[in-house]
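Colleague: These are the residues of each chain, in order.
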Amino acid sequence: MKLSSFRYIAPQCFKSMRNNGWMTAAAIITITISLFLCAFFWLLLLNINANVTDVEKDVRVLAYVDFDVVPAERKEIEQELKWIAGVADVSFVPKEQGIHTLEERYGDSDLVESLGGVNPLPDMFSITAIDTNQVSAIAEAVSQIEGIYEVQYGEGTVEKLLSLTDGLRKFGYVIMGLLALCAVVLIAMATRLTVQTRKKEIMVMKWVGATDAFIRWPFILEGMILGLVGAVLALGLLLFLYSRAALYVSINIGFLNILPLSAVWAPATGFTLAAGFLLGLIGSMFPLARFLDV
Amino acid sequence: MLIQTFNVGKTYKNGIAALTDINLSIDYGEFVFLTGASGAGKSTLIRLLFREEPPTAGQIMIGGRSVTRLTVPEMVRLRRNTGVVFQDFRLMEKGTVFDNVSFALKAVERPWPEIRRRVPEVLERVGLGGREHEHVMNLSGGEQQRVAVARAIINNPLILFADEPTGDLDPKTSGELMQLFDEINKEGTTIVMATHDQIIVERMQKRVLTLKSGHLIGDAVGGWQL
Chain A
1 MKLSSFRYIA PQCFKSMRNN GWMTAAAIIT ITISLFLCAF FWLLLLNINA
51 NVTDVEKDVR VLAYVDFDVV PAERKEIEQE LKWIAGVADV SFVPKEQGIH
101 TLEERYGDSD LVESLGGVNP LPDMFSITAI DTNQVSAIAE AVSQIEGIYE
151 VQYGEGTVEK LLSLTDGLRK FGYVIMGLLA LCAVVLIAMA TRLTVQTRKK
201 EIMVMKWVGA TDAFIRWPFI LEGMILGLVG AVLALGLLLF LYSRAALYVS
251 INIGFLNILP LSAVWAPATG FTLAAGFLLG LIGSMFPLAR FLDV
Chain B
1 MLIQTFNVGK TYKNGIAALT DINLSIDYGE FVFLTGASGA GKSTLIRLLF
51 REEPPTAGQI MIGGRSVTRL TVPEMVRLRR NTGVVFQDFR LMEKGTVFDN
101 VSFALKAVER PWPEIRRRVP EVLERVGLGG REHEHVMNLS GGEQQRVAVA
151 RAIINNPLIL FADEPTGDLD PKTSGELMQL FDEINKEGTT IVMATHDQII
201 VERMQKRVLT LKSGHLIGDA VGGWQL
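Chains as they are written, first to last, in my numbering: chain A, 1 to 294; chain B, 1 to 226.
These aren't lab readings, by the way, just hints derived from the structure by calculation.
Because the structure is a prediction, the values reported are computed rather than measured.
You may find that some hints are simply not true.
Unchecked claim - In silico DMTMM-like links for lysine to aspartate or glutamate, alpha-carbon gap of 20 Å or less: (1) Lys106/B <-> Asp212/A; (2) Lys75/A <-> Asp89/A; (3) Lys15/A <-> Glu93/B.
For reference, chain A alone in the conformation it holds in the complex (with noise of 0.2 Å):
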């Protein structure tokens, strides 16, 4: 199709939306929120993420060793620990250490000294996995060794956390797949009005030798518009809703690491406006096959 041909095309694409102004606002309001209520699951699923991954950086195997271990024994048992598939760093902790670190939590300066001059904890060993979901092998594997009489890693938080995590992202791309359905079958219903409503010019376009696409076009384009025209609001309601959330969260709830908006915007506009020009393409492309049926 030629390009001089959009100066028909548009107007007549514009002409077409004012025609059915009803369900021209009524595509565009729905498409709106459709697409807002799928980015905002988007966005909510980033931010998830974000907080898992944190989460999932501080899941740790620690790994009690035994009091009569002599620092020989205790080389061998790092050594030991290193070669266990899927530990990604292993770091010793010396009881002293940990007796400072339990200080700092507790803010008492001389904890030792109020526990009568006795350091009563263990050295141990702090070992991070490569993934989170080998935790629990792994630590399976430490308490075998010799030399470790105790292992902890927050059993089942770890296994619930990854299965609530897991259970919303499926939960937030169903959502997600039925607004972006709602919208696409808005589009089409736009779309088939504006076919109606067109049908004789429609007639006319094929019996006068018209090309499919230029026939198709106005209403592709009409479809596009509708689709990117929705996005853009959504888009602008969105950006001004998270902002406000993000900043009531960082205020409020301290122990949410929520993404900057600075993180979000790029992101969330072409996730939004691609959303709204896919959606708005496949809509206004269903209704045309019949009457295009050369």
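Starting from the known structure of chain A, arrange chain B on it as the hints suggest.
Modeller: Same frame as chain A, but now just chain B:
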């Protein structure tokens, strides 16, 4: 031959046979009337000839090509060489004369300077010179049909199909339209026109194909045959 049909038939899904075993040939530059009573199959044959719908039997050849086997680009090319006029004009009611006529050039993606030049020319040709900015709904029936004819001939088609173009017009306006068709035919355009208007057929004295109950029962030059 420009148009040839071989044992063409059309049976609709409800079982009604609109056309049976139609064999005809129309040469370049001919003016042919398809006549017959209402329901004889005239409009169906016109629709098959301009490939609005396919036949259920037989072959239709236009310019040596079977219209049922055309690819989409070939179909587009065929339609650009074919003009169609209907009894009910089928104009875009919300548009002006210019909108309606220029539409046929826009649809085939002609450049804008050509559109601006060609539309007044063709309107002059059909007797509507200087009226391009009038709204089509403000025109008389005869004038609206002239707009439809202008739209049909603006691409200089080889063939002009007309399905009862005078059906909604008074005798005087019908006569003027037939004079216009005659002039267009004399310029080289083949015209195939379905009509049940006996007076027009008698007056024009052209080749007449007569249909009855979906069968071709007559093919002769002259007046009304039934």
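Colleague: May I ask which of the numbered hints given earlier this structure violates, with the numbers listed in increasing order?
Modeller: none
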